[in-house]
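Colleague: Note that the protein sequences, when read in sequence, are chains P and Z. Each residue of the first sequence is one higher than the last, beginning at 245 in the numbering used here. Each residue of the second sequence is one higher than the last, beginning at 21 in the numbering used here.
Hints in this document: simulated from the structure, not taken from any laboratory. For each residue, glycine too, the CB sits at the ideal point set by N, CA and C. Some clues are possibly wrong.
[Unchecked claim] Partner residues are not named here, just some residues of chain Z that face chain P (Cβ under 10 Å, in silico): (1) G81; (2) L248; (3) R252; (4) D274; (5) L287; (6) A299.
[What the hints assert, rightly or not] Some but not every residue of chain Z turned toward chain P, in silico, with C-beta under 8 Å: (7) L100; (8) H246; (9) S249.
[Unchecked claim] Using C-beta positions, here's what the derived DEER-type ranges look like: (10) T269(P) / G232(Z): 46 to 56 Å; (11) T269(P) / E59(Z): 24 to 34 Å; (12) S255(P) / G136(Z): 42 to 52 Å; (13) S313(Z) / S255(P): 47 to 57 Å; (14) S115(Z) / E454(P): 54 to 64 Å; (15) A370(P) / G136(Z): 34 to 44 Å; (16) F455(P) / R302(Z): 24 to 34 Å.
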Amino acid sequence: MMPPTRQNNGSPLLDVRDLRVAFRTPDGVLEAVRGISFSVDRGRVLGIVGESGSGKSVATQTMVGLTQGARVSGEAFFEGENLLAMPPEQLRAIRGRGIAMIFQNPLSSLHPFYRVGWQIVEMIQAHDAMTKRLARTRAIELLGLVGIPRPDRRVDDYPHQFSGGMLQRAMIAMALALNPRLLVADEPTTALDVTVQAQILRLLRRVQQEFGMAVILITHDLGVIAEVADEVVVMYAGRAMEAAPRRELFRAPSHPYTRGLLESIPRADGEGARLTPIRGQPPSAIAPPPGCPFHPRCAHAFERCRANVPPLIPVPGVARHLSACWLGEEGRP
Amino acid sequence: MTTSAVAPPARPGEPLVRLEHVVKDFPVKSGSLFAKSRERVHAVADVSLDVRRGDTLALVGESGCGKSTLARCLMRLHDLTGGRVLFDGHDISTSTQGELRPFRRRMQMVFQDPYGSLNPRRRVGSIIGDPFEIHGLRHGADRVKRVQELMELVGLNPEHYNRFPGDFSGGQRQRVGIARAIALRPDFIVCDEPVSALDVSIRAQILNLLDGLQDELGLTYLFISHDLSVVRHVSDRVAVMYLGKVVELAPVRDLFGHARHPYTRALLSAMPAPDPDRADTREEILLAGDPPSPLDPPAGCGFHPRCPRAQARCATEVPALAPCPGDAAEHLAACHFPVADGEAPAAAGSARQEAL
């Protein structure tokens, strides 16, 4: 768990404790999230980075009740209330107003038959008693705020008339409509071109500061993390392997998995040299290896790693830097 | 390997593939049932490029810039609207499928999606053996042995010959695709976003494999990617495309160190780096809006509506792809007002365009 910086009423905005999520599949029980804890403070950006199947999306979707049919345990306190123990009605009220979400593919979140503006208006009216006219004015205002040119006209466009970047802007506008305290952005720029990605990241950072929102940014891209996150959690096979403030994570990564990820990315100065990949393949989520899930790919693994799961514990001497690795514990390199 | 009728003389550095003024248009379906549409998408608009033997030329640009269409024209998977493609000195731009056959053996492709490009119902051994089947080479036990050698070469376990693609992870499937591509010992491989669909920890394995095979087999690559950090790692030369045209072409070091075209500079500045210090301090050139439609490209320089340096001339006059003053003959840029070293891309006095 990340020791929160005390502010406001002293407790973090979101405090997730030992969250576990499992799905029944024809091949057996798939434990997508295997006990992770993290917290997000008001107005801060938490980056969750991981590869496909690491559980990074499932963890956040479970909090807002979007994983139907999953077996869930643990707690997720949002402003002091446990989201995981909440009746669906109450959770629905929190979705949108308390926690808003944007996803990788905005087209799948917008109905193709309805005008973009109409869909924003519907969303506003579903939560707020507001006249259609007022809601429409608000929609235009929001579209302008997120950088859609001529919002008074574009409000009547259909989703297919928007480019990918504009759709993601529209999704951000919709997410902002109810002034949420937390925005969960799940791979928001992965489908976008690099110049558009830069625009959207800049926009996210701007609205985050303007609205004083907290953001959970989920991504596979360490570059995106380096751009916008305040704190970072690195996930692998359903577990948090490392958690640290952004600069600390990139300056002094502690976990062999994090180090391996950073070494396998082509570097500006390493032109032409062979990369150092992480050997092997990611583990199966249905039959993961015992002990530390990374041990079959880890160059430093020893007996203890094969038998016991290492807890996420503080890296000695560094504030707010946690790592789940027996190496530190045993005093090995 | 049987020697082909058009065996390459070994002349490293000479062009293996040459594109001359390649143009590719696609007709667009019109809204009306009856009116025959005259509208055309200008996917590739007059591109001339050499791919040198033993080199890796990277083709970069954003979606819709024409990079994949250009590669397909080169492979003659599309017919050309105009221009010529020369492979090892032979003009193949109008060759029939039969005439192309000996060349097909020498040019192969690796695709982005290791899931979509392998038939899930066929065993990987027989998928890798496809090129032998198509060209009627190596039969029976000889073929199996050769396929197993290929599997070994790309880091797959030869004992997995009889497994199905579904039994493999994304990275292993991409190895299958690569084994198939090198089966006939080609000279030239188009790698179309070969690592974009792979996880970060697997990407480096595949990049190293491609790198090793290039040395071992003397391959020439055309490497298509939107990921500039990958491009910087793999390529010798880089061509940047925008709206169907090459806007800058340079050795990799010049491109990343001394980009001249404002679009290249914007691309480089948008590249997220896993380095907080760089993320916090680097110049950020945000382009306004999205690339224009290739249906109706702007007059003059295609980039001018989004360019922070654009002036009146840019809207009327198409800039030629040529060396900028003081640059080596190798380094070409198509810009009337190229960016000098150390200069901020936004010209003094011009409003910095921001989409926000």
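Colleague: Each hint should be assessed against the structure and marked as holding or not.
Modeller: Checked hints:
1. For the restraint placing G81(Z) at the interface with chain P, the shortest Cβ-Cβ distance is roughly 9 Å, inside the 10 Å limit, so the hint holds.
2. Hint status for L248(Z) relative to chain P: holds, with the closest Cβ pair at about 7 Å, below 10 Å.
3. A hinted interface residue such as R252(Z) counts as satisfied when its beta carbon comes closer than 10 Å to some beta carbon of chain P; here the least separation is about 6 Å, so the hint holds.
4. Using the Cβ-Cβ criterion of 10 Å, the hint placing D274(Z) at the interface with chain P is not satisfied: the shortest such distance is roughly 12 Å.
5. Among the interface hints, the one on L287(Z) holds; its C-beta lies about 6 Å from the nearest C-beta in chain P, closer than the 10 Å criterion.
6. This hint holds: A299(Z) has a C-beta 5 Å from the nearest C-beta of chain P, less than the 10 Å allowed.
7. For L100(Z), the interface hint is violated, the least distance from its beta-carbon to any beta-carbon of chain P being 26 Å, above 8 Å.
8. Interface restraint check: H246(Z) against chain P, minimum CB-CB distance 6 Å, threshold 8 Å, status holds.
9. A hinted interface residue such as S249(Z) counts as satisfied when its beta carbon comes closer than 8 Å to some beta carbon of chain P; here the least separation is about 5 Å, so the hint holds.
10. Remark: the range hint 46 to 56 Å for T269(P) to G232(Z) is contradicted by a beta-carbon distance near 37 Å.
11. Hint check: T269(P) to E59(Z), Cβ distance near 48 Å, so the stated range 24 to 34 Å is violated.
12. Between S255(P) and G136(Z) the C-beta distance comes to about 47 Å, which sits within the given range of 42 to 52 Å.
13. The hint said 47 to 57 Å for the Cβ distance between S313(Z) and S255(P), and at roughly 51 Å that hint holds.
14. At roughly 60 Å, the beta-carbon separation of S115(Z) and E454(P) lies within the given 54 to 64 Å, and the hint holds.
15. Checked against the given bound of 34 to 44 Å, the beta carbons of A370(P) and G136(Z), roughly 38 Å apart, stay inside it.
16. Between F455(P) and R302(Z) the beta carbons are some 26 Å apart, a value that agrees with the proposed interval 24 to 34 Å.
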